Amino acid sequence: MLVAFLAAAISMGIVYLYGAIGETLIEKVGNLNLGIPGIMCLGALGGVIGVNTYISLFTVENIMGWLLIIFSMTFAFLFAALGGLIYAILTVSFQANQNVTGLALTTFGVGCMKFIGSNIDQSNLTTASRSISKLFVNYDKLGWFGEIFLSHGILVYLSIIIAVLVTLFLNKTRRGLFLRSIGESPQTADAQGINVTLYKYMAILVGSGIAGLGGLYYVMDRTGGTTFVEASIEAFGWMSVALVIFSMWKPGISIIGSIVFGGLYILRSFINITPAQIKLFEIVPYLVTIIVLIVTSILNKKNSQPPASLGVNYYREER
Amino acid sequence: MENNQLNSKKIKLELRNISKHFKGIYANKNINISLYEGEILSILGENGSGKTTLMNVLSGIYTPDEGEIYINNKLANIHSPKDAFEYGIGMVHQHFKLVDTFTAIENIILGLKDKLSLKEALEKATNIADKYGFKIDLKKKIHDMSVSEKQTVEIIKVLYRNVDILILDEPTAVLTIQEIDRLFDIIRKMRDDNKSIIIITHKLNEVLSISDRVSILRKGEYIGTLITKETDERELTNYMVGNKVDLKLERLRKEATVPTLEIRGLNVLKDDGTPAIKDLNFFLRGGQILGVAGIAGCGQKELCEAIVGLRHYKGNISHFGESIVGYTPEKIKEIGIRMSFIPEDRLGLGLAPNLSIVDNMLLKSYQKSKGIFVNRKDAKKEALGVIERYNVQTESVDTPVKNLSGGNIQKILLGREIGTDPNVIITAYPVRGLDINSSYMIYDILNEEKAKNTAILFVGEDLDVLLAFCDKIMVLCEGRNMGIIHTKNTTKEEIGLMMTGSKNLMELYPEKNYGFAPDSLIDNKEVGK
Amino acid sequence: MNENKKTHAPLFSIIKRDDLPLYKSIIIRVLAFIITFILAMFICYATVSKKSDDGYIKMMSTFFTGATNRPWKLAMDVCLLLAFAIAIVPAFKMKYWNMGANGQVLMGALISIILMFYLNDFASKSTFNNILLIVLMLVSSIAVSILWAVIPAIFKVYFNTNETLFTLMMNYVASGIVGYVNYILAKGKEESPGIINLTSKSGWLPTIVDKYFIAIVIIILITVFVYFYMKKTKHGYEISVVGDSINTAKYVGMNTKKIIIRTICLSGAICGIIGFIYASSINHSISANTCGSLGFTGVLVAWLANFSPIIIAGISFVLVFLSSGTSKISSVYKLGNNDISNVIIGLLFFSILICEFFIRFKLKLNSQSTLYKLIFGELLNGKKGGEGQC
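Respectively, the protein sequence lines represent chains B, W and X. Numbering that gives the first Met the number 0 puts the first sequence at residues 0 to 318. Numbering that gives the first Met the number 0 puts the second sequence at residues 0 to 528. Numbering that gives the first Met the number 0 puts the third sequence at residues 0 to 389.
Rather than coming from a laboratory, the hints here were simulated on the basis of the structure. Keep in mind that this is a model prediction, so the values were computed, not measured. One or more hints might be untrue.
[Claimed, not checked] In silico BS3-like pairs for lysine-lysine, Cα to Cα no more than 27 Å straight-line: (1) X:Lys-231 x W:Lys-330; (2) W:Lys-401 x X:Lys-200; (3) W:Lys-376 x X:Lys-92; (4) X:Lys-256 x W:Lys-401; (5) X:Lys-23 x W:Lys-401; (6) W:Lys-118 x W:Lys-138; (7) X:Lys-15 x W:Lys-81; (8) B:Lys-300 x W:Lys-140; (9) B:Lys-171 x W:Lys-138; (10) W:Lys-330 x W:Lys-277; (11) X:Lys-363 x W:Lys-376; (12) W:Lys-401 x X:Lys-233; (13) X:Lys-186 x W:Lys-369; (14) B:Lys-171 x W:Lys-140; (15) W:Lys-380 x X:Lys-233; (16) W:Lys-81 x X:Lys-363; (17) X:Lys-124 x X:Lys-200; (18) W:Lys-134 x W:Lys-188; (19) X:Lys-257 x W:Lys-367; (20) W:Lys-130 x W:Lys-218.
[Unchecked claim] To list a few chain B residues with every Cβ distance to chain X over 10 Å, as calculated: (21) Phe-4; (22) Asn-51; (23) Ser-55; (24) Trp-65; (25) Leu-66; (26) Gly-110; (27) Asp-120; (28) Arg-129; (29) Leu-134; (30) Leu-157; (31) Tyr-200; (32) Lys-249; (33) Ile-270; (34) Ser-303.
[Claimed, not checked] Chain B is faced by these chain X residues, among others (derived, beta-carbon under 10 Å): (35) Ile-13; (36) Trp-96; (37) Ala-185; (38) Arg-261; (39) Val-298; (40) Phe-360.
C-beta: ideal position from N, C-alpha, C; glycine also.
Work out the full structure: start from the sequences and follow the hints.
Written out as structure tokens, the structure reads:
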């Protein structure tokens, strides 16, 4: 029971983890992207289109897991990054309000996924999903350990690798330092000759792409390709935004946080409660986030604060 | 001899016909300046003369509207700070450009693409610090540093980039005397290293003591360049302020009244929690102007904000003997005290920049009208009155105040404040950034108020003005009162000494009880000394 | 030092404009709308033409009948969006980013539904009792919505807790509570009790002229009220000062904490009234999706209308018109679902955001840029290089 629960918690949490890593990267350059839910939807859409493209090229009978993953990931990443590009052009180049742009992008992205998605052939998704949702074949031989940690698809392990890489990038590399400086003080970064616009674009594009993989993962792995258009990816997107706060802008912590959030979300299927109580359970992650938000603001510690310029656009000749 | 030596040197940098304007007003107009290798050039000018704008053009923060920059006799295209660095230009800004949550060394390597690890970078930076004699812990976070430490980080940051043109924007404004001396030693060492250094300043003594040559700007225009050894304070002042060098400021002669505002044992903290004002005692009389002198940032802002109730403080403030300790601006207004504050930061504190002139007039008076509606009719009349009386240049009364020029903004602010018929005026740098005519108008207005028995606290930066205009001067040094003197009994030199803390009247003449009114209205038993 | 490094001159530099004349800024906006509309119809047609042989004209007529065949419904939908945007205006004007209108409305609607459910017997006894119930619903909806709105505001004021994220989270907490209460009302058997008081109509607003008439009148009154509140009252004035410069507000002795909380209460109260309208006039039932994403769309509308109630009404009309029309198209041509309207709304917002940029800034061609020289170099050969503006 506990083993199944933990395995499911990890499996669910990964959806949030992708979104949270992407959003962290974007927030680290000072952009609060409320378009993440829309971007994740675009990622899901792209992923499905990628799968269909693969199938139209190689037919359903000839699915090679690794090639399919590369195909669908590329598509998911590009679609999501395209959403990010709209956001970047509007907020970075065109100085539009970040909250407003983000919300518009969410409306657009969710609409796109549902509209285009409903006109897409979904008949092969479940078949395709089977070939990518388990990385290790004989995981059950390792008992509980295998069940919890090795029963997942490649996208789960990839998300953790990405989280670790992003952490290393942000904290250990020169470019990571530059990137963080933009979120703290774009004026300073600019005066030091850092190309603020370029970094913002890169962070937003790559961050959006990573977040988009969360949409792909949810449709093609977590739900096994069964729910696409009806998927509640939008709500998961907001959970990802919450997770960023919960993990205090540290991708490393969001790995743990995502499992906590995932656990809270799937807990209802593991304990004996009425459907009514399930509804109450759904709000727990949000309540936890609110509490984290309040506690960090009361403590007001320097190292658990959002990037100082978060939400404010940078215009060099402001006077 | 110096002259010949200079002529034999190579020209490092040349600015040709640089112009830059903001909203139709020229901040720089046809500026031509050249800089030699291995020299220290001062750029001298009053506040608002365009020095900083010019240097921002040079360091790539602003793009000039017209003009060219030549480096080593080649046309340089500088469009960003990055370009500037590549041409070997580094600037230490007046407002430090540091990331608060980063350590010193992280700030130093910001923007650099060398392949050094953090450890190697630390070593290199430490070597630079040792070479020039800086004492600093480079692993400390910026938000834990003092102002002078932050400046040190800024300078090391520029040196680390191996620049050969170094621009320092008002580097001494925030430093103590000893720190200034140390800084100047370092700057001379850099010159001996064949670096070219530009120092922006408006302090004549510093120009004379450190620079080889001095270029003067006035109201955005280039006036000329002098060799420091061949000039003196008088000549520089002439060039800097133009023809009207003689301050025709009149000190209104008038009997002062009883103490209006008495301040005892005032202690105020800065935003960062360090003390700004320490155990300050003084009082203001009606019909008298008390000037406040001091190096920038030694508690003036905090003092003003505490008096008007915008900042927490410890100590006693009394208005005609009645304690107003801990009162918010709201409460002060409520109990009928007519206190006006004309802050340093006009658009950020005194006015609402995006609102119209009418709405800004309303700020102080909107609550006076009856009912739930605001009365814009009266405010419009008031606005038209201020515009006419003070000759404010504006398209209409509905123009947002941020679209006005600095002088006009100040006139609106002052006009509104005077309109409330205050009995106390607290003002900080009221003529900063204003042209001469506007400045004189402001002085006249304050004198008119003085004639009406208003008590005035005047925080200033120009000692000549303070001496000519105020009745008494209180000198602050690092938040402490160095003494309060009648302007007719003192000299610029004495005030200068007090500002730097080398002369402390409080300690020299403790029996004089500086800051306590002999005819105090406070019951002394209660408050104590 | 390397002297010959290439420099980084961008082709365009962005320059802040002095204020543009009003008529120009309106022309830019109208143009943006027309372009988006044409683009949107093109997207529609591209999809439709795959499923049907109907021509472009036929599709457009479907679009217009879809938008206009139920004028009262159209008016109600316009008013709803208008109401959400108006509820957000006072808060946003203060730079308080209230993203939680959805949650606030849901909570208001929820309490009304609960009252309708439990006081049905009482209200059925007499007309007077029914009126009493309706008044009670209105008052409690307002109270609960205020509570929901003011919690983040209190934390914002005292601890500077980020209100964007806080209010966002509160939406989902509200959704969860609504889901839970629905089960309770349905005695745990169904997901929701469905339409409340379908037969007795207790707590329903009476039908005068039309089912939606009273609700529409209420919303128009609120809009007029907010317009005058913001423009003419001392409170409205205080809001504009706090929004422009909070330090200035403090400096002139305004109690900014009080002003923020009071304004958020107003915002919450309007949300409460919207919730009441949902319960008493529109749905008579509740679900987590009752108000869709109107709270967010309201934010977009309010922002893009620069908080002016009249422009808000205009944009609301355009949006609802567009989405009712496309929704008709998608049902007539069986496009699967109604989400094409969201795509089009998204596009419309993007285009308005872009034209906001051109209203605030102008682009200046940079004669020293490498790209510029590449493009125009031939033309200007030998000359010093000119500058162009667009």
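Hints, one by one, checked against the model:
| no. | hint | verdict |
| --- | --- | --- |
| 1 | X:Lys-231 x W:Lys-330 | holds (25 Å) |
| 2 | W:Lys-401 x X:Lys-200 | violated (57 Å) |
| 3 | W:Lys-376 x X:Lys-92 | holds (23 Å) |
| 4 | X:Lys-256 x W:Lys-401 | holds (26 Å) |
| 5 | X:Lys-23 x W:Lys-401 | holds (22 Å) |
| 6 | W:Lys-118 x W:Lys-138 | holds (11 Å) |
| 7 | X:Lys-15 x W:Lys-81 | holds (23 Å) |
| 8 | B:Lys-300 x W:Lys-140 | holds (14 Å) |
| 9 | B:Lys-171 x W:Lys-138 | holds (15 Å) |
| 10 | W:Lys-330 x W:Lys-277 | holds (25 Å) |
| 11 | X:Lys-363 x W:Lys-376 | violated (42 Å) |
| 12 | W:Lys-401 x X:Lys-233 | holds (22 Å) |
| 13 | X:Lys-186 x W:Lys-369 | violated (55 Å) |
| 14 | B:Lys-171 x W:Lys-140 | holds (17 Å) |
| 15 | W:Lys-380 x X:Lys-233 | holds (18 Å) |
| 16 | W:Lys-81 x X:Lys-363 | holds (21 Å) |
| 17 | X:Lys-124 x X:Lys-200 | holds (12 Å) |
| 18 | W:Lys-134 x W:Lys-188 | holds (16 Å) |
| 19 | X:Lys-257 x W:Lys-367 | holds (19 Å) |
| 20 | W:Lys-130 x W:Lys-218 | violated (39 Å) |
| 21 | Phe-4 | holds (21 Å) |
| 22 | Asn-51 | holds (16 Å) |
| 23 | Ser-55 | holds (17 Å) |
| 24 | Trp-65 | holds (33 Å) |
| 25 | Leu-66 | holds (30 Å) |
| 26 | Gly-110 | violated (3 Å) |
| 27 | Asp-120 | holds (12 Å) |
| 28 | Arg-129 | holds (26 Å) |
| 29 | Leu-134 | holds (32 Å) |
| 30 | Leu-157 | holds (28 Å) |
| 31 | Tyr-200 | holds (13 Å) |
| 32 | Lys-249 | holds (16 Å) |
| 33 | Ile-270 | holds (16 Å) |
| 34 | Ser-303 | holds (12 Å) |
| 35 | Ile-13 | holds (7 Å) |
| 36 | Trp-96 | holds (6 Å) |
| 37 | Ala-185 | holds (9 Å) |
| 38 | Arg-261 | violated (22 Å) |
| 39 | Val-298 | holds (6 Å) |
| 40 | Phe-360 | holds (7 Å) |
Violated hints for the displayed structure, listed by number in ascending order: 2, 11, 13, 20, 26, 38.
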